[in-house]
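Peer 1: Now for the letters of each chain:
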Amino acid sequence: MMNEYYPNFAIIKEIKKETINTNTFVLKFTDQKIADKFSWKPGQFMMLSVLGVGESAISISSVENDNSINATIRNVGNVTNSIFSLKKGDSLGMRGPYGTGWPLEKIIGKDILIVAGGMGLAPLYGVINHVIRNRTEYGHLEIIYGARTPENMVFKDEFSKWKRIKNSTFFLTADEITRENPFECRTGLVTSCFPMMKTHHRNAIALLCGPEIMMRFAAKCLETIGFADKKIYLSLERRMKCGIGKCGHCQIGLKYVCKDGPVFNYDDIKPFIRPL
Amino acid sequence: MASYIIDKKDLKILLDKFLKEFKVYGPIKPGLDSSVDEIKSIDDLHLEYKSTIISPKKFFLPPKDTLFEFKIQKGNYEIKEIVNDEKFILFGLHPCDVNAILKLDEFFSGKFKDKYYQNRRKNSIIIALNCTQPGENSFCKSMNAGPFLYKGYDILLTDIDTKYLIEIGSDKGKKIIQGLKLNIASKNDLLKKEKKCKLANKKIKKILDPNWLPKLAEENLDHEIWIDLGERGGVAGSFPCLSCGSCSLVCPTCYCYDIYDTVDLSLKNGSRVRELDSCQLLEYGQVALGGNFRKDRKDRIRHWMFCKFGAAAGSKNSSCVGCGRCIRVCPSKIDITKVAKSLWRKK
Amino acid sequence: MAKKPKIGVFKLTGCAGCQMEIFRMEDEFLDLIKLFDISYWKMAKRDNDDKDLDIALIEGGISTPWEIEEIKCIRKNTKFLVAFGDCAIGGCIPSIRNWIPQMESEEIVYPDPSKICSTKVHGIGEYVKVDAELKGCPPHRKTILELLKSALLKIRPRLRQHPVCVECKFQGNACLITSNKLPCMGPVISGGCGAICPTLGRICEGCFGPMSNPNASALANIFRDIGLNDEDIKRKFRKYSGMSPEFRLEAGH
Amino acid sequence: MTEKTIKVDYIARVEGQGAISIDITKYGKVENLQFKIFEPPRFFESFLVGRKYDEVMELTSRICGICPVAHQITALRAVENAMGIVISNQTRDLRKLMAISARIFRVMFSACIF
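Chains as they are written, first to last, in the working numbering: chain A, -19 to 256; chain B, 15 to 361; chain C, 25 to 277; chain D, 19 to 132.
Bound conformation, chain A alone (with noise of 0.2 Å):
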């Protein structure tokens, strides 16, 4: 019987800084068995651990069929700050995928509107390389992506690519821009985006990610633009200690987070979330 409480190990192949306190860790496990056996979906997360620190629930930011996996981290707690001291070549504790992840199957034919906030955009940007990759299949792409300042953002590189996606409408906005402004950043929330939108609530399903409060507002928002809760999906942050489902930290309502989802239905889960 495997034990699931057991971290596998992965090498870390390349750290790519995305801004001044976020990188992106490209890993791979070291057994060849489990690597190839390995498979996820966008929305998907990791249990990653450093031995003698701890364990933290990383959500996959990988292009799809990849043979490795992309955590994008922020440097914000003891785990993190631990695997930001590793360099390239070192190694992790691994175990995953675990999670439900965005309901892409569900959603083919229908136009996505992507609303990110911060480190949110990790988890989505395995959907927006899916979009992208599968294009015909899916209507209109529209992305939101909020940040604190534009320094703040992540995948900085791949803004060029998104801008030029056939059929798509891309925005970009900051709550203060302090220094330069190569991106054409607006200045707001992410809410003020919405008036400008192209999508329509009609034939639309809405990705939220981001810090909880920003989602609130963003769901609160479509809802009163006409998105059904049905029609909005979120991605949630807890506490995650076991990431199976058995340490209960995690509980929303009637749901563990990570075993039914990150990714939830705003129809679920609306009276639970609430201020902090």
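Derived from the structure by calculation, the hints contain no laboratory data. Bear in mind the structure is a predicted one, so any value in this text is a computation, not a measurement. Possibly wrong hints are sitting among the right ones.
No farther apart than 27 Å at their CA atoms in a straight line, the calculated lysine-lysine pairs in the DSSO-like style are these [to be verified]:
hint, chain 1, residue 1, chain 2, residue 2
1, B, Lys88, A, Lys13
2, B, Lys94, A, Lys68
3, A, Lys(-3), A, Lys67
4, A, Lys250, B, Lys309
5, C, Lys178, A, Lys67
6, A, Lys17, B, Lys94
7, C, Lys205, A, Lys(-7)
8, B, Lys347, C, Lys205
9, B, Lys125, A, Lys17
10, B, Lys85, A, Lys68
11, A, Lys8, B, Lys282
From the structure, some residues in chain B lie toward chain C, with a derived Cβ separation under 10 Å [as the list claims (entries may be wrong)]:
hint, residue
12, Asp119
13, Asn158
14, Tyr274
15, Lys309
16, Val343
Idealized CB from N, CA, C, for every residue including glycine.
Chains B, C and D: place on chain A using the hints.
Peer 2: Just chains B, C and D, lined up with the frame of chain A:
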């Protein structure tokens, strides 16, 4: 399977046989303050207990449990498995606790299996004892978990005055009493058990209808009673919640745990440990950068109540069995049955 | 191996019991000397250097003007400043006198109070930024070790602030409040001691200070229900951490 | 005439919060001795007024972290004397045992750090 009968004074024979082969844990004190601990001889055993302080889940989900040990050498890791193969008998568990164990069994299986729990469970033999003297806080009858047991035991004892009725519930149970000369129970003995059951049922004063509990939770997310419980007090004579976590720690179906790493001073050897946690504590919902998803006391107590009502993520597997431990242990005198009743009344 | 972290141990208004707790880590003490560079520790060595410390363990509260200067100076020279024990966090037992007029207490103790220069006792947090708190009177050696280990690992220490009740339940104790009607401070007091007193049948006196988000007013009400009067309750909350914001109301501010 | 001066800036036995300086003449006579305690006052005597009798032992043991037992046992005796309580021989012996072992610890400790 067949039922047997044993004289109370002959219980020693039974216990001595078990002691020869297994480690035996059982209630060690009479009354309410009992605890399930190791039994070395018949004198340690007190089957007239009402309830234990800590539930017997500690044998399957210990307060502190090492998941694995590791060694770090020049950036390479080595993981050492922890094997615990000790076989043991839990002697004299009450039906509520056995039912709670059944719930945990369900919880720790499923798509992701918890090897540690399942391993301990596999190595355990449960000898249950039907509860003829339910305590004043018990409401097991309402939660379909007692006072008499109908499933989940390997062997079931029932006190019928001068004798114990022995019922076998599994092959494991059959195997361990093989070789003992026991008398087959008569029809009269079985009738006596029925009578005892009825008597015990009558002794339970707290009654609740479990069927509407989940619905009650669903409808009362924003009820005032949660503010009363958290800050103001006065729910059926209770004080405000202290967030001490006692209720969830003594609960036989609470399963939440925390995982952390410890290392020795050389930073080379360490272990990953899980420790029983409580949703009543502030740190339970805390994430990096100080964010907390359950900051308010009222949110925490509400979550726990809902979990016990069967309206949280654990669903039926973490719902209440009516053992009454949380009522007894709460310094604030918060009574889950009274909370449920006032929710119902205030509708 | 990287440079050994430099440690300084300082004593202000306290009893040195917390420092003693370091000496009492008999099993690990020799390893600690090897792993750390003890740069300043008046109690243990003659040559002391308080410059460029990685960690400073401050024992004791602040009750004199020159201690204010001293703690500010230590803060300047230290990367990670630890309030080591209850005195440094909130004044602990010496802070009981904060409720007595200063002149009055001086006159009781000293025949000539004019030579005494003392103010009310406060924790060091009143004057400087504190990076971590080690609760306890004295802190348990396990938590001290945890802090030192996390310094080596360069992570934030895992210092839990659960109530004594949690540890009491781990030990399998019966609740002293509910079963014996004793005024135990456990439900609002931070654990870490392993619930030593309740395990021996004694009530928790509260030497580890308030837990995270305690409900002190509720416990005061419970005490009142048990039969304590307002003076008793004030005295209980005013013992180890009366100055803490969590207990301030119950301690009679 | 001062021939030799012994100066200790901080004495570890009083937790580093005391100093001593001795001037000695040629003939070995102590000419000048200064003993300074710069430990901040904590006014135990004043705040113990108004506390309950059973708290005294607990509070006084915090006078000194090196020798808590001495203060504790003394406080116990004071309370017992005040209330006229006569303790049994067994209790007295146990306390003696405790005091002696605490003293052994203290002496060992002082020997170690110097």
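Peer 1: Kindly indicate which numbered hints from before are broken by the structure, ordering the numbers from low to high.
Peer 2: 7, 12, 13
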